[in-house]
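There are 6 protein chains.
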Amino acid sequence: MADRLAQFEDYRHLMNARIDQIDHLGIKRFFNLDTKAYEDGALDARTKELMGLVASLVLRCNDCIDYHIIQCVDAGWSDEELYDTFNVALVVGGSIVIPHLRHAVESLDMYRSRKE
Amino acid sequence: MADRLAQFEDYRHLMNARIDQIDHLGIKRFFNLDTKAYEDGALDARTKELMGLVASLVLRCNDCIDYHIIQCVDAGWSDEELYDTFNVALVVGGSIVIPHLRHAVESLDMYRSRKE
Amino acid sequence: MADRLAQFEDYRHLMNARIDQIDHLGIKRFFNLDTKAYEDGALDARTKELMGLVASLVLRCNDCIDYHIIQCVDAGWSDEELYDTFNVALVVGGSIVIPHLRHAVESLDMYRSRKE
Amino acid sequence: MADRLAQFEDYRHLMNARIDQIDHLGIKRFFNLDTKAYEDGALDARTKELMGLVASLVLRCNDCIDYHIIQCVDAGWSDEELYDTFNVALVVGGSIVIPHLRHAVESLDMYRSRKE
Amino acid sequence: MADRLAQFEDYRHLMNARIDQIDHLGIKRFFNLDTKAYEDGALDARTKELMGLVASLVLRCNDCIDYHIIQCVDAGWSDEELYDTFNVALVVGGSIVIPHLRHAVESLDMYRSRKE
Amino acid sequence: MADRLAQFEDYRHLMNARIDQIDHLGIKRFFNLDTKAYEDGALDARTKELMGLVASLVLRCNDCIDYHIIQCVDAGWSDEELYDTFNVALVVGGSIVIPHLRHAVESLDMYRSRKE
Numbered sequence: 000m001a002d003r004l005a006q007f008e009d010y011r012h013l014m015n016a017r018i019d020q021i022d023h024l025g026i027k028r029f030f031n032l033d034t035k036a037y038e039d040g041a042l043d044a045r046t047k048e049l050m051g052l053v054a055s056l057v058l059r060c061n062d063c064i065d066y067h068i069i070q071c072v073d074a075g076w077s078d079e080e081l082y083d084t085f086n087v088a089l090v091v092g093g094s095i096v097i098p099h100l101r102h103a104v105e106s107l108d109m110y111r112s113r114k115e
Numbered sequence: 000m001a002d003r004l005a006q007f008e009d010y011r012h013l014m015n016a017r018i019d020q021i022d023h024l025g026i027k028r029f030f031n032l033d034t035k036a037y038e039d040g041a042l043d044a045r046t047k048e049l050m051g052l053v054a055s056l057v058l059r060c061n062d063c064i065d066y067h068i069i070q071c072v073d074a075g076w077s078d079e080e081l082y083d084t085f086n087v088a089l090v091v092g093g094s095i096v097i098p099h100l101r102h103a104v105e106s107l108d109m110y111r112s113r114k115e
Numbered sequence: 000m001a002d003r004l005a006q007f008e009d010y011r012h013l014m015n016a017r018i019d020q021i022d023h024l025g026i027k028r029f030f031n032l033d034t035k036a037y038e039d040g041a042l043d044a045r046t047k048e049l050m051g052l053v054a055s056l057v058l059r060c061n062d063c064i065d066y067h068i069i070q071c072v073d074a075g076w077s078d079e080e081l082y083d084t085f086n087v088a089l090v091v092g093g094s095i096v097i098p099h100l101r102h103a104v105e106s107l108d109m110y111r112s113r114k115e
Numbered sequence: 000m001a002d003r004l005a006q007f008e009d010y011r012h013l014m015n016a017r018i019d020q021i022d023h024l025g026i027k028r029f030f031n032l033d034t035k036a037y038e039d040g041a042l043d044a045r046t047k048e049l050m051g052l053v054a055s056l057v058l059r060c061n062d063c064i065d066y067h068i069i070q071c072v073d074a075g076w077s078d079e080e081l082y083d084t085f086n087v088a089l090v091v092g093g094s095i096v097i098p099h100l101r102h103a104v105e106s107l108d109m110y111r112s113r114k115e
Numbered sequence: 000m001a002d003r004l005a006q007f008e009d010y011r012h013l014m015n016a017r018i019d020q021i022d023h024l025g026i027k028r029f030f031n032l033d034t035k036a037y038e039d040g041a042l043d044a045r046t047k048e049l050m051g052l053v054a055s056l057v058l059r060c061n062d063c064i065d066y067h068i069i070q071c072v073d074a075g076w077s078d079e080e081l082y083d084t085f086n087v088a089l090v091v092g093g094s095i096v097i098p099h100l101r102h103a104v105e106s107l108d109m110y111r112s113r114k115e
Numbered sequence: 000m001a002d003r004l005a006q007f008e009d010y011r012h013l014m015n016a017r018i019d020q021i022d023h024l025g026i027k028r029f030f031n032l033d034t035k036a037y038e039d040g041a042l043d044a045r046t047k048e049l050m051g052l053v054a055s056l057v058l059r060c061n062d063c064i065d066y067h068i069i070q071c072v073d074a075g076w077s078d079e080e081l082y083d084t085f086n087v088a089l090v091v092g093g094s095i096v097i098p099h100l101r102h103a104v105e106s107l108d109m110y111r112s113r114k115e
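Residue numbers (numbering that gives the first Met the number 0), protein chains in the order written: chain A, 0 to 115; chain B, 0 to 115; chain C, 0 to 115; chain D, 0 to 115; chain E, 0 to 115; chain F, 0 to 115.
Incorrect hints may have been included.
Identical chains blur together in the list; that is why a pair holds if it fits in one copy or across any two.
Said to hold, decoys possible - As a list, the in silico SDA-like pairs of lysine to any residue whose alpha-carbon atoms are at most 20 angstroms apart: (1) K114 - R59; (2) K35 - G25; (3) K114 - D22; (4) K35 - D73; (5) K27 - D78; (6) K27 - Q6; (7) K27 - D108; (8) K27 - E105; (9) K114 - I69; (10) K35 - H23; (11) K114 - Q70; (12) K27 - E79.
Simulated from the structure, these hints should not be mistaken for laboratory data.
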């Protein structure tokens, strides 16, 4: 089961490379803008990753959730802080978020166990 | 124009009181859960308000945006930090968020000018 | 304030007539399909109106909420039954539904007071 | 193919237990509120399950659809009544709902065949 | 009533200027990317405006609808072609789009009458 | 990997046949309306397929994306024209569309390689 996260990362890298190869200027600029949005600015990168996670949860996108959970763990957020983030997203987004909460908790457990 | 924000607050208080009066146990508990989600926990209340603002922007709800902008300003977030928040929401949610960005910037300006 | 509901009904009738006048076969058939979806079938019309109200709340469309509240009241649903409906929608859709809950409660009060 | 539904139920129970183990008060209360929203009240539990199904369809969540189809069948709703529910959701939510309608019909067939 | 469209355009220009004044590099680049997405490329600008209108309708954003209707009329699309566009959006997005269809038809009529 | 697209087509045909067998008049009419919406009218079928693709991308439905990519390729749209379509959808819908962009690019590559 721990492979699900690794498979997503492989697929993500493979297809991002393919999209880069397409060489569409607008799409390339969008990807660049997306990367820069999470860099240190008036707010630090750590906080922005948390915001990316909340947005991914309420918009109910599992791939985006996985990506931001990896980033949040790497940025040093603890499980308790991430659970608090899940809770805000659950209250804002409602029970329709629950399947994505299950996914998020599983992804977090997977990524923690990989780092041990 | 500064009245738009005040009108929203008046309407919000009036209707929340009416909803409380309805006395539906499930609805009352939901409102209570919603309040508690933004209180200090593993994450502090300030950070949670920022997360509420991001969620409101990507879900495109003007009333929710206004509520969280007021909370964020009261929590001490600067304009530059809120602009960075707007930027993350804009990149995640796309140009469909732009009308709500206009609303958010106007609400922020209104609330700052009231506090001067 | 009781005028908000009446204004919506007037605007709805005016623009539906204008859309009918456009005479686009696909659009006309869609409107016809929409009307028929709420008629007695395996499920009765009363239950379907309740389902239309839940869908309108979780999809966060005030005009649709107003339309279905009027239909639900006319179909004989009590306030308590409609509050239970609001509660299901609130739990499914989350706090982002709250501004629409305020709208729905106000519309229900308006329509009841008109019928007295 | 009949395993898809069983796998979902297993995964749902496994991860709900894991989420319970996390022991976040807000999340636990939300799950409790979610359970209670579908219990008998002014509206009976049967009708509320139907409302949960409609909401799941228009919000396009396959896991939620599967959960509520199981509940609706157990509550005694007939195929014809559930097809009428699918139709309301299809008209409200549009052709973007069709992939979820395919999923819902397959899940309903699976669950009926298991009960035979 | 013709003022609604003019008011939107005034507000849009005013707030876009205010957002430009904020001078956030990410936000400025996003607005630039948004503008460029609708310019002639492999697809011509006319077709892209039609795509912007469809996206605005299914995502249910009245301000975005108004903006793209103005652009589509200026690009030379006829009423019949725009009605066909409305129909695709209505079928994809369902009856929840109807309030926005009413808005779109009214905006189109307003803009045509201004140009006479 | 080329099987993913074929599997989707098989499943789509199988379940559409099952839905047809259910014989619900409203659902049958909706499917008919959906088919007709993409036929030549004031706008030609080619342009409407492109609009269906944009709508599917911003509403983030992979099955709908696959269906419309197949239709768009069969209608003669080039890769460059489809990339331009992806770009409009990406800008309108934001980075939450990116996982669906990856899916769309892969589906397009798969379908082109099948036709060689």
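Query raised in the report: Quick check: which numbered hints come out false for this structure?
Result: 1, 3, 6
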